[in-house]
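Sequences are here, hints too, so could you generate the full structure?
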Amino acid sequence: MRNDDTLMHVRGTSQFVDDIPVPGCLHAVLFTSPVAKGRIRSLDISKAVTAPGVAAVYTHKDVPGLNQVGHVFKDQPLLAVDAVEYIGQPIALVIADTRRNAKKALALIKADIEKLEPMLDPRAAAAAGQLHGKKRVQVHGDPDAAFAKCKHIFEGRLASGAQEHFYFETQRALAVPGEHDTIKVYASAQSPGAFHHHLAEVLGIPMHKVELDIRRLGGGFGGKESTAVWIVAPAMAAFLLKRPVKLLLERNEDIATTGKRHAYEYDYKLGLDAEGNILAYDITLYQHAGACADISTAVLGRSFLHVCGSYRIPNSRVTGLSCRTNIPPNNAFRGFGVPQGTFAIEAAITRAAGVLGVKPEELKRRNLLRDGDKLPYGVVLSDVNAARCWETLEEKAGIKVRRAAVEAYNKAHTDKKRGLAVVPVCFGISFAQTALNQASSLVHIYMDGSVAVSTGAVEMGQGVNAKLRIVAARTLGVPLERVRVETTNTSRIPNASPTSASTGADLNGMATKYACERLRARLIAFAAGALKAEPAAVEIKDGEVLISGKPAGFGWNKLAKDAQWARVDLGEHAFYATPNLHYDMEKEQGRPFAYYAYGASLTEVLLDAVRGTYTIEAVDIVQDVGESLSPAIDRGQIEGAVIQGMGWATMEQLRYAPDGRVLTGVSAYKVPDIKFLPAHFDVTLLKDSTNPYAVCNSKAVGEPPFVHGIGAYLALADALSAARADRDLPSLPITPEKAFMYLHGGGK
Amino acid sequence: MTSFILNEKPIRTEERPGMTLLEFIRGVACLSGTKDACHEGECGACTVLLGSRQSDGTMAYKACASCLTALGDADGRHVVTVEGLGGEPLTLAQRLIVEHSASQCGFCTPGIVLSLTGFALGSATLAYDDAVTALDGNICRCTGYASIRNAAKALCAALEGIDKAPDRRLAALISSGVVPAYFTDIAARLAGLGAAPVPCGKNTVTVAGGTDLFVQKPEQLLESELCFLSRRGDLDYVREDKEFLRVGGAATIEDFRNSPEVRRHFPALAADLLLHSSAILRNKATLAGNIVNASPIGDAAIILLALDARLVITGEGGRKREVPLDKFFLGYKKTDLACGELVSEIMVPLPPSGARYHFEKVSNRTTLDIAAVNSALLLTAGPDGAVKDLRVSAGGVGPVPMLLPGLDKLNGRKPDAAFFNDLSKAALAAAAPIDDIRGSAEYKRLLLGQLMLAHGRALAPVEAA
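Chains as they are written, first to last, in the working numbering: chain B, 399 to 1146; chain H, 29 to 493.
These are computed hints drawn from the structure, not numbers from a lab. Glycine is no exception: its CB is placed at the ideal position from the N, C-alpha and C atoms. Each hint should be verified, as a subset may be incorrect.
[Said to hold, decoys possible] Covered stretches of chain H, going by a simulated chain B footprint (3 or more residues, C-beta under 8 angstroms):
no.	segment
1	105-113
2	172-182
3	393-406
Following this line, the structure appears as structure tokens:
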């Protein structure tokens, strides 16, 4: 079973927002702040208003409802009022007959902005107390006493960089006004419920007058989860002008003004006993959040819960700070803080191994999580698959043999060095915010037997619709082609949680399963009555009605038709809330996750020590996906996530000018291309894994494999250390420039 | 008036020739399968096939970025978008992408379909490595490429043994389901179009490949009168003439790279120029255009500087003059090309016996990226092994692509490790890079020094990999 949409994708017939034909559509562009921090003294839009083709120019004064799109906190105006906090912050909205005319009018807006000194350094922001939310501290065991007993203590600083989502379809939305002051919005968006709410709030109308419809996204990766600006702005214009309005960001605008994966800085202290057992870990996370909180505090929370990676750490102190700086507010990106949280412990253990002269994989294997281990937030683990993944990897990829080969190669070569790293993954599944772990599904069986499923899940290439079809078809007992998944629409599914945290199929699949089970029960009862059979003897399989396993003489389509005529309800709405989740933010204790997805990977690189360049030569991955609903889809998710993670760890680097401007446009911000893919790239789904906590015993797969990308960093660090071991390793990502300067640069 | 065939349909349009083909396809022709995602040829989502009728009556198709192709450039040609492949039944490339799950969100997929189809139509070898190379400009953010690689492999397997003779190839591909049957008549239909190119004049902007120009000033080009060198068949050649390789001003990087003359005399260039840009850009960008663009890190300029190329510049009334390439760059983005003049030919001296050439480029991403530093070397040694002549170019370390000065003093020496150490010192002394988006000044300076050592390693490998 493959992604439902592929047959259309290859024909070019899949419809994305910009492909919807809308006669008479106007085009909106944003006038944004050219300075990272400033006070708006005056704003003159008079020349723009009268420019050719311009329909309107709006400022904060024109917002009909609340001028606010803050996601977690109300700290983000849709259009700036008197202060600007980052370059790219929207100040005014220009609407014209063509995009070209709207852009020309932008140049006619005059803003007099007093420049103020921007804050661009997260550590300095933390020192100045410029934080989003509160500083979070969690103490597990007795870290101070434990450090006192440690034989070896390693301390230092680390950093990991930002990452641009580079979804192919940039931020965009189309708004079409309707009767009775209603509005329908087509958007490339991951959060139907939240954006629905933002739309109503900004327009100043009740939510039942707003319909948000989402067919599919040309990539999301978290970047379309929380920031509502580009959806709400065209909707406001359409609402005021009573004309359809479209807004879409050009690539470089999108890179320059939208949120990214957060860069982090870290202070760490890791303590080991004489045998190499981790006794204590102290970690401070400085999250570079940007000007508004957006969803940063939630991302930090997830980092916070994953600082131990896949390791048993009996004593820990975790401090988390979401630092307020004058860059565009950062947001969700595949992994949602987990890669950043995990990176620090991986780097710390690797450094410890280097100093102690032991192989990092020995230290990691020794401390790997197992049943009965207690995580810092109080969960005692069971069904831990960390060791099984590791042993499967050893079996298929030969960790020890490969390590020996790397060592032998490095002894024999000076111009080139090999490096290797094993990364275990342990990723908690559920929204860490307990309230979001809910979903509903609306299933219709029509009188011709065709089935339509609506949920709050958003299709963005991850194949959630295909998985929902499988769940519905399996549960109802009908062939796959009888089931269609509808658009994600707020008029059919209210208050839907975002499609993120890898939970799309888990939550919406479970709700769909419930709805289909009830429909099936009703149809079986009806069929039993009609056939004068015991309900227990009736089943529906592959579109046929069976009695005691034998065909009853009529199929699904007739069953639907007859049931409808007999006044059986063929529509069902079901709701699912993940049970037994709770978390106490004061005590930093609870059970935030329903279960954990495990994995292990081996990454091998070849470093050219003359040029500072490198090739990722081989990656072997073992990932625990439970009982996969679709191995083809799950493999695709794993492959895509790993390469994206490797991009974060190697070539993907955002650069900012001293004034806070993003310098890396599309010609300089490089993401992996086909030639970056390692010659050897092998994915194994862990055998005999099951999972009672998600639909059909499957496990979430969207984000966990991203963490394997850290292996590219660690393997490069390994190769760099083989070339010279007398200096501090570069921060993540290790670009060719950083590798080169480590090898050949001056200084320490 | 621009006349061409879009998929199966004849088009005659009065839209401005400087409109991008992408804007025409999506905005005017209302075909939404071609996606708009970067406007700089960096992603490949807008890939289309541009087919030209050849003098022998066959068609040559090339995958191009429609965001950097002018509508006027399509005049007299066949433009194929994903809609032009039919879809029912699926073509071979489409079917293999489906079978290998080589599509997730789908935004890049039409471009990948077109690049694979262009490979099937145009590749001389139909080998797997070439299929991957044909996809080197198609970024996919979802799949991680493993499934795309598998689809490409399956395509090569399916096309193995197919008749590649130019006059029979199209029929073979049609029967293999690579393209629909209507392709058969396209060459004849194009012959009847009677497209008439605009002559270059004083008030026209000359567009070579357009792949830099349309990144730099698309709005200005929309308003301008354009003259397209792609229509100058007389400038589209690569030929050997006595002691020179002569490359016409309209020859594309890819045609140059694949020409038998280049393969014979400069075999290393076939691989070196893969680092220049992606297939969808190499198919459009010209060697001459890359030089006239005068980027301080232009790969073509760096390579040709070392090879001691000369430019033939044609001015008004056909007046010709010759300029050595190392005298052509006058300052940052400033060249010795007057208004109304055109680089009509590049003359590359054939390498003397005993000459060895090598190219080095380091960029953040190995392929489809601009160099931090690049350098080419041409070293000629006498029968005694001593260096007679040494030319080393360096890009990214000054305002123009430069030749390292003062290398004469290295002549007469054996090109051993000490020789390259001294070359490295000379390079470090000559380098004057600045901090920019491609790297810090210190990085680029030190890197240039290391690349001199890399030249040495390449000429005399000291250790096997």
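So, going through the hints one by one against the coordinates:
Counting residues of the segment 105-113 of chain H whose CB falls under 8 angstroms from any CB of chain B gives 4; the rule of at least 3 is met. Only residues whose beta carbon comes within less than 8 angstroms of a beta carbon in chain B count, and the segment 172-182 of chain H has 6; three or more means the coverage holds. Counting residues of the segment 393-406 of chain H whose beta carbon lies closer than 8 angstroms to any beta carbon of chain B gives 7, which reaches the threshold of three, so the coverage claim holds.
Checked against the numbered hints above, the structure breaks none of them.
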